[in-house]
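Student: Starting from the given sequences, assemble the full structure and let the hints guide the process.
Number of protein chains: 2
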Amino acid sequence: MRLTRYFLPVLKENPAEAQIVSHRYMLRAGMIKQQAAGIYSWLPMGFKVLKRIEQIVHEEQIRAGHIPLLMPTLQPADLWRESGRYDDYGQEMLRIKDRHDRDMLYGPTNEEMITDIFRSHVGSYKDLPLTLYHIQWKFRDEVRPRFGVMRGREFLMKDGYNFDVDKAAALHAYNRHMVSYLRTYERMGLTAIPMRAASGPIGGDNTHEFLVLAATGESEVFYDSAVTDLKLGQREVDFDDRDQVKAICDEFTTLYARTDETHDAALFDAVPEERRKVGRGIEVGQIFYFGTKYSEAMGANVVTADGSRVPVEMGSHGIGVSRLLGAIIEASHDDKGIIWPEGVTPFHAGIVNLKQGDTATDAACDAIYKALKAKGLDPLYDDRDERAGAKFATMDLIGLPWRVTVGPRGLANGVVELTSRRTGVSEELTAEAAVARLAEIYADW
Amino acid sequence: MRLTRYFLPVLKENPAEAQIVSHRYMLRAGMIKQQAAGIYSWLPMGFKVLKRIEQIVHEEQIRAGHIPLLMPTLQPADLWRESGRYDDYGQEMLRIKDRHDRDMLYGPTNEEMITDIFRSHVGSYKDLPLTLYHIQWKFRDEVRPRFGVMRGREFLMKDGYNFDVDKAAALHAYNRHMVSYLRTYERMGLTAIPMRAASGPIGGDNTHEFLVLAATGESEVFYDSAVTDLKLGQREVDFDDRDQVKAICDEFTTLYARTDETHDAALFDAVPEERRKVGRGIEVGQIFYFGTKYSEAMGANVVTADGSRVPVEMGSHGIGVSRLLGAIIEASHDDKGIIWPEGVTPFHAGIVNLKQGDTATDAACDAIYKALKAKGLDPLYDDRDERAGAKFATMDLIGLPWRVTVGPRGLANGVVELTSRRTGVSEELTAEAAVARLAEIYADW
Numbered sequence: 004m005r006l007t008r009y010f011l012p013v014l015k016e017n018p019a020e021a022q023i024v025s026h027r028y029m030l031r032a033g034m035i036k037q038q039a040a041g042i043y044s045w046l047p048m049g050f051k052v053l054k055r056i057e058q059i060v061h062e063e064q065i066r067a068g069h070i071p072l073l074m075p076t077l078q079p080a081d082l083w084r085e086s087g088r089y090d091d092y093g094q095e096m097l098r099i100k101d102r103h104d105r106d107m108l109y110g111p112t113n114e115e116m117i118t119d120i121f122r123s124h125v126g127s128y129k130d131l132p133l134t135l136y137h138i139q140w141k142f143r144d145e146v147r148p149r150f151g152v153m154r155g156r157e158f159l160m161k162d163g164y165n166f167d168v169d170k171a172a173a174l175h176a177y178n179r180h181m182v183s184y185l186r187t188y189e190r191m192g193l194t195a196i197p198m199r200a201a202s203g204p205i206g207g208d209n210t211h212e213f214l215v216l217a218a219t220g221e222s223e224v225f226y227d228s229a230v231t232d233l234k235l236g237q238r239e240v241d242f243d244d245r246d247q248v249k250a251i252c253d254e255f256t257t258l259y260a261r262t263d264e265t266h267d268a269a270l271f272d273a274v275p276e277e278r279r280k281v282g283r284g285i286e287v288g289q290i291f292y293f294g295t296k297y298s299e300a301m302g303a304n305v306v307t308a309d310g311s312r313v314p315v316e317m318g319s320h321g322i323g324v325s326r327l328l329g330a331i332i333e334a335s336h337d338d339k340g341i342i343w344p345e346g347v348t349p350f351h352a353g354i355v356n357l358k359q360g361d362t363a364t365d366a367a368c369d370a371i372y373k374a375l376k377a378k379g380l381d382p383l384y385d386d387r388d389e390r391a392g393a394k395f396a397t398m399d400l401i402g403l404p405w406r407v408t409v410g411p412r413g414l415a416n417g418v419v420e421l422t423s424r425r426t427g428v429s430e431e432l433t434a435e436a437a438v439a440r441l442a443e444i445y446a447d448w
Numbered sequence: 004m005r006l007t008r009y010f011l012p013v014l015k016e017n018p019a020e021a022q023i024v025s026h027r028y029m030l031r032a033g034m035i036k037q038q039a040a041g042i043y044s045w046l047p048m049g050f051k052v053l054k055r056i057e058q059i060v061h062e063e064q065i066r067a068g069h070i071p072l073l074m075p076t077l078q079p080a081d082l083w084r085e086s087g088r089y090d091d092y093g094q095e096m097l098r099i100k101d102r103h104d105r106d107m108l109y110g111p112t113n114e115e116m117i118t119d120i121f122r123s124h125v126g127s128y129k130d131l132p133l134t135l136y137h138i139q140w141k142f143r144d145e146v147r148p149r150f151g152v153m154r155g156r157e158f159l160m161k162d163g164y165n166f167d168v169d170k171a172a173a174l175h176a177y178n179r180h181m182v183s184y185l186r187t188y189e190r191m192g193l194t195a196i197p198m199r200a201a202s203g204p205i206g207g208d209n210t211h212e213f214l215v216l217a218a219t220g221e222s223e224v225f226y227d228s229a230v231t232d233l234k235l236g237q238r239e240v241d242f243d244d245r246d247q248v249k250a251i252c253d254e255f256t257t258l259y260a261r262t263d264e265t266h267d268a269a270l271f272d273a274v275p276e277e278r279r280k281v282g283r284g285i286e287v288g289q290i291f292y293f294g295t296k297y298s299e300a301m302g303a304n305v306v307t308a309d310g311s312r313v314p315v316e317m318g319s320h321g322i323g324v325s326r327l328l329g330a331i332i333e334a335s336h337d338d339k340g341i342i343w344p345e346g347v348t349p350f351h352a353g354i355v356n357l358k359q360g361d362t363a364t365d366a367a368c369d370a371i372y373k374a375l376k377a378k379g380l381d382p383l384y385d386d387r388d389e390r391a392g393a394k395f396a397t398m399d400l401i402g403l404p405w406r407v408t409v410g411p412r413g414l415a416n417g418v419v420e421l422t423s424r425r426t427g428v429s430e431e432l433t434a435e436a437a438v439a440r441l442a443e444i445y446a447d448w
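Sequence order for the protein chains is A and B.
Under the numbering used here, the first residue of the first sequence carries the number 4, and numbering increases by one thereafter.
Under the numbering used here, the first residue of the second sequence carries the number 4, and numbering increases by one thereafter.
The set of hints was computed from the structure by calculation and includes no laboratory data.
This one's a predicted model, so the numbers in the text were calculated from it and none came from an experiment.
There is no bait here: all hints are sound.
Identical chains blur together in the list; that is why a pair holds if it fits in one copy or across any two.
Distance condition first, Cα-Cα at most 35 Å in a straight line; then the derived DSBU-like pairs of lysine-lysine: (1) 170 - 51; (2) 129 - 378; (3) 373 - 249; (4) 54 - 234; (5) 339 - 54; (6) 129 - 15; (7) 36 - 373; (8) 100 - 36; (9) 373 - 170; (10) 376 - 54.
Tutor: Structural data, given as structure tokens:
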């Protein structure tokens, strides 16, 4: 994309309403615009990152054998009356009446609706295991929405639901989700630590939250620092292999890591003192096993191999897709702006033309732009007639991980400059070598 | 995807509530489930087609130089008070009060919000031309939703908005949309004819609807049959070239083609009698040029090259994304089921194993499945333990354009069968040749 043809409304001033860095940088980098309290438009660059995150979530869910569908944003109240949650849910549920005065609501989550889909179509253990998920906009009418997309009212969530014939199979689904989430977050450049959580209104015993360490996190967290060294990496996972999947979960949940809700001081004291850490964390996902809570209330039964009829075993598993943009920025920025991890960056590299209008420099930038596109990369070419300083400031603010700087002086020596946003380290190399390096870097992402 | 691991709840019976063929087949093929009047869940196979259609729309908009963003589903009423449409819009607008008693609405369209985004960030002709679009769920509270996704209440729409410095530039944007839409529909296997339309509540003089001919269409259409022979095809279009883009529009709008709303009997009579056709059509898109209607009301001005300040020239341009599934099925089916065009099919080919459990047949199916995936194709392998007749009936119903049938008798002769869903013609060839043929067919899509 050429910047002169793009819509990237960066702000020079720090917006007064933004209290935390991710909110501030998302506004300043022209990623979002508030339309009402807690309701945002995703401007082009924000939308691109949102789509990259969504794509990673889809790929990792599909890899785990989970099946995407899409439920609507609005739901009939009657479904929620069946589970009893229509009355239990407080003012956070946005209640709506349609023109025929029927009670509707904007879905804050989808346990009832997915259970309805299941009971309408599935009746036998032969169709199990089954995990269905969707990525859809939700609404929770927070009394005081704040922190930009971190605590919005209209937000994008991945929520998945497993259906299994017995508890052992359902716990395998729970573990499968944990492993798929580990990889999902790692691909976004995040260290998200699964921590034992309290179950809350959805119910259920087995539940973990995934927390990203950041000073602005809403939860206090207590952990063994060794937990931050764990990596799933590229290892091959057979998601049908219960033992392998369970072993990975054990690996990631044995070291102490809890939120204030489930913190156990005695257990924490057993962690070697130099590894005992207290910090703050941002919740970016949660997994639950809740058994037959919804299937019993809503009559979602299956016939088992021995002919008996039992309520199906379920769990639900969520990732805060829109909130992740904020969490990633909280975890990865400096005082000049955002530093995108390669896995979610809106553009793979920025090209800065130091002398727009100079024939040779323009031609070199064009050639690099085309060569990167030919490699399947998505560059942003700053072709504005602006001073170098302004161009660098924009690139630093929007946080593309790599910058190619092209100017007459370098070209006279046959080189351009390749700069890492994270380290600030630059290296001079030929244009061809810069393109090849970028292709090599992104081959791993 | 292996069918035993998928969620494809096909129905044997014709659902009583479905009056038109697309609604019937979408329910029977397990693509959608109604959750409330005019509100649907998109089951996995329906969701896949929806995503393929969305992807084509994105690709063609980006090719035309238009920029994607995403506006929220809920909007503050105040924006609509500025344009005057909050009161004008009737009961089709779903009005909502949040917990603080603020007036909100579920967006039926986005002229006001996009104008608000524009005026907040753009003030100079130097930032023009600019076309922003999104694909987002909309809500129109139809008094009597019907025909499945063809006339739902919650529906997915692409709506794009151009901002230009003068009328000539805005009309070029209008033409650019027309050409991009022609290609969009062709890639979906549709003949969608641009027809002069009446302007309706959005206002404006220049407006065309795109209609797909189908007996169940809601509009009566009058056209010169030669118009159905026009094809944009693969021709190279320079979307910055006003003359070229205009010439294509002229080519597609000179022959007579109008809906009952704008029909002119005298002009129609001038069409040679044997080419004079009357039929029905389904609207799948509409483009509007409306000038300064919203920019004047909402104060969206730009400074021109000569320093004067003028309201920006605008238009809006929509594609009914979810409705397109219905329209495609109405235009492409037979009495056994759907016939997906290659461009939007949920799976590229079906593999039917005639003797599940037979070692050689299973191995041959597995090999074909893997070979198709290695070619980047997305096959559906019917690995159920079912009779051949049931498997064929499912494949015909769900309408994959190509089927590979594998059985012991063929394998003994070293062949499998490749069958076109559209023509019913089968051909015997080696498994390798079948895979190569499919890769060749889809290379063009």
